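Engineer: Here are the chains, one letter per residue:
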Amino acid sequence: MSDAAIDAIGATAQGRFGATAQGHFGAMAPGHYGASASGTYGAAGAGIVLAPATIATAWNVQGDPSSAVFTDQARTMFGAPLPLVPNTTTRGAASAILWLGPRSWLVLQELASRPVGRADDVTQPAEEVAAQPSAEFDAHRDALSAQGGALFDVTASRVAFTLRGPHAATVLAAQCPLDFDPRAFPPTHCAQSLVGHINALIFRHADAQMFSVMVARSMAADAWHGLCVASASTGYDVAPASPLSIV
Amino acid sequence: MLLIPCPYCGPRNQVEFTYGGDATVRRPANDAPQAQWFDYIYVRDNPCGPHDEWWQHSAGCRSWLRVRRDTRTHDILGSARVDDPLGDDR
Amino acid sequence: MTQPPRYRLAAGGHIDRSAAIGFTYDGVDYKGFAGDTLASALLANGVHLVGRSFKYHRPRGIFSAGTEEPGALVQLARGARSEPNVRATTLELYDGLVAASQNCWPSVAFDIGAINDLMSRFIPAGFYYKTFMWPPTPRWWLRYEKAIRHAAGMGRAATLADPDRYEHRYAHCDVLVVGGGAAGLAAARSAAATGARVILCDENPSWGGGLQDPDAVIDGKSVDDWITDTTRELAACPDVVLLSRTTAFGYYDGNLVGAVERVTDHLAKPPPFAPRQRLWKIRAGAVVLATGALERSIAYMNNDLPGTMLAAAAGTYVRRYGVRPGDRAVVFTNHDGAYADALALHEAGVAIGAIVDARPPAMLASALPQRARAAGLTVLVDSVVAGASGKHHVRAVDVRLRAGGATTRIDCDLVCVSGGWNPAVHLFSQARGKLRYDDALATFVPDASPLPIIPAGAANGRFDLAAALTDGHAAGHAASLKAGGLNSSAIRGVTAVDGRETSPLNTEPAKAGEVPSAGAPSPAQSLPTSRGAPHANALAVAALRPLWSVAPSRSSAKRFVDFQNDVTVADIALAAREGYQAVEHLKRYTTLGMGTDQGKTSNIVGLALMAEELGVAIPQVGTTTFRPPYTTVTLGAFPGAECGVHVEPTRRSAMHAWHAAHGARFVNAGLWKRPHSYPRPGESEDDAANREARNVRESVGIVDVSTLGKIELQGRDVAEFLNRLYINRWDTLGVGRCRYGVMLRDDGMVMDDGTTSRLASTHYLMTTTTVNAVKVMQQIEHLLQIEWPELEVYAASVTEQWAAVALAGPRSRDVLAQLVDIDVSNAAFPFLAVAACEVRFGDARMPARLFRMSYSGEMAYEIHVSADRGAQLWEAVMAAGVPFAIMPYGTEAMSTLRIEKGHVVIGAEADGRTTADDLGLAALVNPAKWCVGKPLLERPALTLPERWQLVGLTSCDGAAIPRGAKIVVDPDAASPNPVEGHVTSWCFSPTLGAWIALALVARGRARHGETLWAISPLAGAKCRVTVGPPCFIDPKGERLRV
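Here the protein sequences come in this chain order: A, B and C. Heads up: the first sequence begins at 641 in my numbering, then just goes up one per residue. Heads up: the second sequence begins at 195 in my numbering, then just goes up one per residue. Heads up: the third sequence begins at 691 in my numbering, then just goes up one per residue.
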């Protein structure tokens, strides 16, 4: 695909997406994940809504699932049991736990108070982010450590995007080898795979037409652009950022 | 493109995996004599037929796995967790 | 133009006569209709001559009606979308299409290259190999090749950038059905009825494949109605995907089928944003191959003249496109099937000169020949076409008895030839399927495959309609059952969205008449039945008598086997005589089957002729290996979206925008973009790097080190683990301290280096080099999961979690003191100290990790903050550094600083062949403990005094040390000049005002003070250098500790 073709994908009626000489890839604010302003792009009849989603806190729990003291500690701490079935999730009151590996989980907490990106321009950073509750984190880590486990703060490691709409699974299937049939990948399940060449953690929401895709921060701009390219033939809307919710 | 059954995640595309070498050789004890380490590092078979290999589900659950692959046909014959040997039914 | 073209029938066919389409061929404007191919539209206009053959430049016409076309290859002129070698027989007509003949000059009718035909006795098979072997230097071959390529020519590729976008699509199904003809539709229907997920693909724009018999009745319906109803039923199933214009071109490991869907190729104006083509990677539980069959020719004299056509192709042009391919036809065959085509031509008003049938009268008792005779057609039994005549078109054929004798001339402008049918076994064979020679069909048919791949219908040698339908139906069922073991295991027994337990593949095979339980609209499950007249089958090859060639009346006449590559019967005989008898040798020697058509109509004829030459049975000759792709695939489809900026992922640090906004030139480090330097207006990159490096030595600089690999380790046994992983000792490292470490590979060579910090008693942070971050993490996981599961150590990559800057220079503490909330005096925070702190900048408060470590050799710190605060941290440091003339520096200045300091880089000094001792790091190897790589470290060869050891070099005369230089004693010594070592890193040192380098030199440590030469014979450069220790600056490390 030529650069001109890449540009064309974002070149919309409004001409806002990809208006710069470098095309919209060059115009992206690096370090942030957003492509550009909210709007409608690609072919007519937007089949998908793409949006950045902000992660409040993300902690990687590791430990031996056969150790009751460890799993009990984790359940007490996060308000939900660690999911032991591969690629499943559990939910607590304000948190969700995703299975990452036989001894590894991702705890996502939803802090309603955490500010999100500017609604008028998803490329802009969160206006001001509260300091990490590091004392709370350290206490959790020490408590898990005492039970033979471990806790790593990976809040900033990943950036999340949501894809919603009848073509969401199709757009992912352009780049991801997973089987997105709801019988193979049911709602509220998660899976790790590749989106293009980029490692991704994918969560299918209870709304089976909605996915959250989490990728490494340094590759987020690249991944976002790849999703935009893959969405061009169905057409897509870019919505403002909102807090990531694992429901 | 191979389809490799991850014992945790189910059948997954080869692109999610990283090859990790021969799983039939046993790493010597740390204090084993140099000659034994030499054999381990340099003396490898090139078998024709079913062969056990290490693969890591690197873009998935990051588990290292034993995968039995037929070197003649490229067929994947089975896989197992690290602590779960693949049986000797070859 | 109100009159339809002369050869267009007034009615019939699947074209839309209300939608006229204008197109241009060889500069002439023509009209066609929607539904036409370029070939059918040209034939409707009476155009047969469309190209010249590859080698002899003989005039060639339209030979087939599909992908097997060997001759009608045209140049599609479409600006940047221009494409050579497009098959006119599959090119769907669109308004404004412009195409031209290729492989001819100055025109298709008068082609200078045709001289090759007259010279043909000088250019037999293998002539390249025989003629162009002298003089035996590659240079001469390159000259020949240029001339040969020009003479041969296969059209011209577009020279402009491809304007199109190509998509990929991963798809998963239980049953993939390749081919949407009678068997394929039946298979898809029966598979779907079991509840299986089905994908049905066909290369044609419409469904039905070769199923076009106007007299056949299926399930009480006409063929057209049955096709329409069946595809409609299938389309209504939620678990069925129908892909037309989609060619399954290759079978790959793990039941993966590659297919390419032509999304916009047939459209005059592609809609915006649509990809041109979509490459499907279909992972199927089982595959039904209903790929049909390909008709083959018979080799007689001048059997390549335009106006010669496969019999079924002629039938297809009549039935599907409403085109008469000629005025007067001769049909030449050896089986019943071609009679149906003869009758179709007859009914379309084409005069039938004769049906020339090679079989004896006793074999002509069946219904089709009877019907032809009843229709008044002349049938010549026991007869063959000995040759055709005409210049640019067939004018007549000479017919004689098969046994020989005098010939009779029959005038005609169309020869329809059929020597039988070959199942399209390409995908089956790619899937390691074994073939079996079927004597009755005189062709290879599928025998057995070890994989879940089931041939059906004509692809399985079932040429009869009823048999094809039954076969397809059974194959669909069988495939659904086979699929259970593979791909779909993941979806069995999983609770569906609505809470119902769905286990589609555990369902018993549906019984006839049952309504599927799934509730969704599903196709009826009854076995399709055929009540067509038994004669009414286009593919009937009943009572075939094999006939591969007809002996020529004169020896110089050409009888073509492979039309595209101009392989004749004589060429095959020559190959046999010269010993190229093995089938793979035959192919390469004669180029049989090596054209873009891959010998679809010719291979079996060639094999049979070789068998005749050798006097053996055809199965003994065997077949060549079938390889993907089945038909040509546009290169752009393979990378799909993974091109341009997406060839590989790009990684950017949290500070990337600042770097870009401040004039950074970027350099690739693995997938990362790192600032190389920050040139000011009018400044070169080298000058900028020197300025940046000098500023670090004199004041303070800041560099983005976010890209370094970072791995956190937690657990009771981390110290023990580090002891095993690194050459040095870790159980002695106190909390709040860090240490430099070196890791070895199992073979003892240096693998990676970095610092590891003890953040808390059981909590460590390891850093790795940027490039090795992934490899080190995999090594750690390998060791923990496989070798030492007893260790309680947990590892997580936190490279992405932390943005990191290094602050270096004598004023670095002054800058830092304004930023952090802890005491950073030398006493409170000495060299190699580590602490958690908070960075304060304006109102912002950033939790941070502070490290006192140095790569530059100056007093230096690293500050890590959460990556989403990286840009803010950078701004904070830059602001705090203003009074101290802080400057950002890039990787080039960083490299200069570390070369001055003699620090090694993995990949440069440690190149996979160097030991810790070679690098002067032997003192780090703790003798009291084991570590990875240590057992082999004491091998004799790794401890020899002659080993290349790390040294520093200084240019003696102020000259630049050449790039990639070798170290020699005497630069003018005769070749081979003994090499004493090589330069690993070099730079101009702004601090020393001299060119310096790090190098690996034999006995290097014992040669300090010697003068040697750094030479680059490639660049013609040499430089006298003095050997010294690798560390040029502050060898005692006093600056680090102040």
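No wet-lab data here; the hints were simulated from the structure. Predicted model only: the values in this text are computed from it and were never measured. Just so it is clear, CB atoms sit at the ideal spot from N, CA and C, and this is done for glycine as well. Check each hint, because a few of them may be wrong.
If you want a taste of the chain B side facing chain C, the calculated C-beta under 8 Å gives, among others [as the list claims (entries may be wrong)]:
hint	residue
1	Thr-212
2	Tyr-213
3	Gly-214
4	Thr-218
5	Asp-225
6	Gln-228
7	Arg-256
8	Thr-265
9	His-268
10	Ile-270
11	Leu-271
12	Val-276
13	Leu-280
Selected chain C positions facing chain A (in silico; Cβ < 8 Å) [claimed, not checked]:
hint	residue
14	His-1036
15	Gly-1039
16	Glu-1402
Engineer: Of the hints stated earlier, which fail here?
Structural biologist: 2, 4, 8, 11, 13, 14, 15
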